[in-house]
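These are the residues of each chain, in order.
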Amino acid sequence: MSTDERNTTGGSRAAASTTPKPYWIGLGLMVMGAVWLYNAFGLPQGARYAAVGPGLFVTVAGGALLLLGALLMVQIWRGETFEAQDAEDADGATKMDRRAFLTALVAVALPIVTMGPLGMPFTATLSFVLVANAFGSRRWYLDLVYGAILASGSWFLFHQLGLQLGRFFPPLGV
Amino acid sequence: MGTFELLLQGFGVALQPTNLMWALVGSVLGTAIGILPGIGPALTIALLLPVTTALAPTSAFIMFAGILYGAMYGGSTTSILLNTPGEAGSMMTALEGNKMARAGRGAAALATAAIGSFVAGTIATLCLTFAAPAVAELAFYFKPTDYFAITALAFCSVAVVMGTSRTRGFISLFLGIAIGVIGIDTMTGQARLTFGNMQLLRGIALTVVLVSLFAVGEILYVASRYRSTPGVMAPIKGQLWMTRQDFARSWKPWLRGTAIGFPMGALPGSGSEIPTMLSYTLERKLTRYPEEFGKGAIEGVAGPEAANNAAAAGILVPLLTLGLPTSATAAVLLAAFQNYGLQPGPFLFTSNPALIWGLIASLYVGNVMLLVLNLPLVGIWVQLLRIPRPQLYAGILVFAMIGVWGLAGSWVDLTIMLVVGLAGYVMRVYDFPIAPVLIGLILGPMAETQLRTALAAGQGNPMVLVSTPLSAILITLAVLLLALPIFLKRLRAHA
Amino acid sequence: MYFSKTLAVLAMTAALGTGAAVAQVNVMLPANPGGGWDSLGRQAFQAMNDAGIYTGGVNFTNTGGAGGTVGLAEFLGTASGQPDSLAVFGAITVGAIALNNSPINLAEFRPVARMTAEYLVIAVAADSPYNTLADLVAGIKADPGAAALGGGSAGGVDHISLALLAQAGDIPVADLNYIPQTSGAETVTAIVNGTLVAGVSGTSEFAQFAEQGRIKLLAVTSAERRPNLPDVPTFKEAGYDVEIANWRGILAAPGAPDDNYAMWVDNFTKLSQSDAWKAVLEAQGWEDYFLPGGEFGAFIAEETERQGQILKDAGLVN
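So the protein lines, in turn, are chains A, B and C. When you line the first sequence up against the working numbering, it's residues 1 to 174, in that order. When you line the second sequence up against the working numbering, it's residues 175 to 669, in that order. When you line the third sequence up against the working numbering, it's residues 670 to 987, in that order.
There may be inaccurate statements among the hints.
[Stated by the list, open to error] Here are some chain B residues pointing at chain A (derived, C-beta under 8 Å):
1) P224
2) A228
3) I351
4) L394
5) L588
6) A630
[Said to hold, decoys possible] Computed spacing ranges between beta-carbons, pair by pair:
7) C/D839 to B/A657: 51 to 59 Å
8) B/P527 to C/A892: 34 to 42 Å
9) A/G63 to B/T589: 21 to 29 Å
Since the hints were derived computationally from the structure, they do not count as laboratory data. Using N, Cα and C, we set each Cβ at its ideal position, and we do this for glycine too.
Next comes chain A alone, as it looks inside the complex (with noise of 0.2 Å):
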């Protein structure tokens, strides 16, 4: 297709910002195909009969990203453009909201430290509220209530179909 027909939700492609050379995604690539490759060192490389395994899609998997995270660096030298790709609501051309984003991202990590003592319920509360914000609503004690219900309600739910969410608030013990 053409790009002005990909360009569908408006916003000029010409204006799309074209990052700085970004290096580091080759280099993350060849350095996680190294402990991909070490791994495979590791594991044997032969059967008795089958001639390769189990060490052979590792090998596979690792050298396929060392070498291709190479050769990512070297077009991105050659002036290989990267362009943010359009979603249903956000426009790829317009520049990153580093707070917004950065919100959104505690929500994410957030679970990692609290879903275990605090409980799925409480956390996800809390995750709901911090991704509204990012996205911009300034009511948080709204969001709180929103979230506390939903959260709330999904818990019950989905505990009553048989899914394994934890207790409701383990510092209390229900």
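Using the hints, position chains B and C against chain A.
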């Protein structure tokens, strides 16, 4: 017993009140998620997987099938009215559909999409009904080398076709393959890339990756580049039915779209993007009104929508008959089968006919329900789009969290959700295709098992990989695909 | 504050004294929902409830992966010393522990009861030249590499049964070309399409395919012929002294108090004799394979020894 009697028995199952209710639940849910952004059928079914503990398999699959078909119906509504395709499969619909809506022919566009979906869905389900038992017999002829060749071809096609460059396509693909090797190697019991963590022994669940890449990645991405002025919704104007001329111009594209979509859906890795694109290109070539294309030609809605729905039925063929998932949704459905200790394949047709034929019959029932749900009630559905975005995305995160935490109650899974979610964000910012990650993750372990089985049975002789006619052809095609990307680029440029 | 705590403790003691029925039992099902272990755990407690043996609350946890070792490791960590914590496990766990170098030692847990078993059958394609187990063993012996064999996961009971067969037939176990399959249905497909020369799986899984005429059943691993497969000889009849079953059982947490442990052994003993349980066995197609407490412990030790040795011989464990 003939297929027809089996199908009748299937209707006996599908028309039981409880199963009718689950089909309705699935259809409603499916339509809703098709309309809402950020959440698709694969994700919804993945989130509902844990309820399989509480539900009989037949009811669960009838509901899942409703979700699968419903999402296809719902997706077209947003494309037409808002010009924002939620899924790759509805992208082509938006091109002409939204132009029609803006020109005051929204009702006709919605009607041709819904009726086209119904026609295609029903024809494709008929094909599925009669093709499936025959295809299932193929399981006894397909050898591991054939399966390996199928996966190899899928890898090449998905990496070459999707995304802006082959490098990025392959990076996505190998990321998926790399995630797929984590855990215990099923063939030898060796732990791979577990870094001494017990919980990683069972591998990274598809649900976690799916939820993180799509829902979490999308939330992070949209939050960072949120366009707070929502798209302009075109009002539903015009007759809620198509004119005689609309019909005359629609029925052929419906049939052609079905003919393209059904077989393409059955092929691994082609997804719903390629058949809809092909259908659009074809209709544009064949139309007697070329001047209308780009300004709201009804053929451009009718064809792709039919192709989209037929492809959804197409993915069920290899899934039910060979246990071969060709898309993320199919992979999640496969996981659901395995949750019940069922293995899709030829034996499911004989060992559990009530389930298989009940499921197939429910597809007919679901199609009728969806037509009724979508055509007259479309005005109610679009109200869903009025949910304020902040609370909508916050709600999606809550469900993502429940899906990941409910899997095993493990903080390791939640950490993976964060890491993979961030990766999903980066991939969106730097325009890496996401579908190949899933294909790598789903088909990677399968490719590995089949390769090693083929080689073990052939005592290590690599020639065994091209020893059957099918494998020789498919491997050749895979190589050609790598060598001839220009051809496909042209095809895309044409579309 | 202190007073209310004391009260609570008193209340709890009273509750315990009035009968264990009020207590809540935690049951670890180290598999995903739907599998054999999952159904054993859930059905056993359902039957216990129906028979009035134990009617208290049951809290199931599904933690699948790695032949049950992931779930058992979690059980070890969270339930040690707990009075009413049980876990389901089975023959596959024994091999998986050895194979995955798992830190779990089954002897640490308190054995409650062995409950069910499923015997295994070996099958070849309907058009296979082999008609008896002896034919097949001779064929494997002639060229082990060319005779691809299949069944469940590496080191699982299917694999071990073939290794035992090889040993009995004087074939070096390490020479077997064993290719693990993901399910019994997959094994049948592979036998029919010629990938595998022979395959092993549970009787219930293979019987239906033999009826369809797709495969021939050569022998069963039980001590005597199975009532539902009267024409299939045992391994012993065929001249190979191999007897093995895919058994499933219940463990209590390490360091569980003696009283509670004794109560659960007693509960499961009563269950095994109840009509409710017999109905479950019938419905699920499981064999009764009951063995209580201490005897079960000795059996586990024996199996650990036997499977460990055979895995060593197969070259799967160092």
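- Message: Hint by hint, where does the structure go against what was stated? Just the numbers, ascending.
- Response: none
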